[in-house]
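**Student:** Sequence:
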Amino acid sequence: MSDSIDLLEAVGRDASLRRLPPDELARRLKAAGATEVLASAAAQRDSTLLGQEFGIRVMGKPNHGNGGYTDEPAPLHVPTPVDDEEESEADDEPQSFSHPAGVH
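Residue numbering for the sequence shown is 1 to 104, as defined by our numbering.
Since the hints were made in silico from the structure, they are not lab data.
Among the hints, erroneous ones may be present.
What the hints assert, rightly or not - Each pair of labels, with its calculated beta carbon distance range:
{"no.": "1", "residue 1": "48", "residue 2": "18", "range": "10 to 20 Å"}
{"no.": "2", "residue 1": "32", "residue 2": "55", "range": "20 to 30 Å"}
{"no.": "3", "residue 1": "52", "residue 2": "17", "range": "20 to 30 Å"}
{"no.": "4", "residue 1": "52", "residue 2": "13", "range": "16 to 26 Å"}
{"no.": "5", "residue 1": "12", "residue 2": "78", "range": "49 to 59 Å"}
{"no.": "6", "residue 1": "78", "residue 2": "45", "range": "48 to 58 Å"}
{"no.": "7", "residue 1": "5", "residue 2": "77", "range": "50 to 60 Å"}
{"no.": "8", "residue 1": "19", "residue 2": "51", "range": "19 to 29 Å"}
{"no.": "9", "residue 1": "46", "residue 2": "14", "range": "12 to 22 Å"}
{"no.": "10", "residue 1": "59", "residue 2": "37", "range": "18 to 28 Å"}
{"no.": "11", "residue 1": "48", "residue 2": "74", "range": "44 to 54 Å"}
{"no.": "12", "residue 1": "81", "residue 2": "59", "range": "55 to 65 Å"}
{"no.": "13", "residue 1": "57", "residue 2": "15", "range": "27 to 37 Å"}
Glycine is no exception: its CB is placed at the ideal position from the N, C-alpha and C atoms.
Could you build all of it, start to finish, from the sequences and the hints given here?
**Tutor:** Structure, rendered in structure tokens:
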């Protein structure tokens with residue numbers, strides 16, 4: 001298995017290998033000592049075959065931000081005429097401003 005990983009790493013590093021036609025890549029992998037499964041995966045451009053080579057391990061669901069948020073958002077406050085009256089009464093009250101010490 002470590003040879004297969006090394007071969008995949010070599011293909012990943014070398015753009016000329018990645019651009020080869022699938023049959024040629026499979027032939028070169030076989031010449032370098034790749035297993036039948038790895039060569040078949042390359043020839044067919046089917047990465048699911050690599051599960052036979054490396055085994056399939058389910059590591060869990062991917063962690064992404066496209067869902068899973070369960071908190072309810074705060075309700076939107078829509079002003080009513082009663083709210084407007086309360087605000088206008090508050091506006092009629094005198095306001096005091098405090099000045100920072102030493103500033104006049």
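**Student:** Let me make sure I understand: some of the numbered hints might not hold for this structure. Which ones are they, in numerical order?
**Tutor:** Checked against the structure, no hint fails, so every one of them is satisfied.
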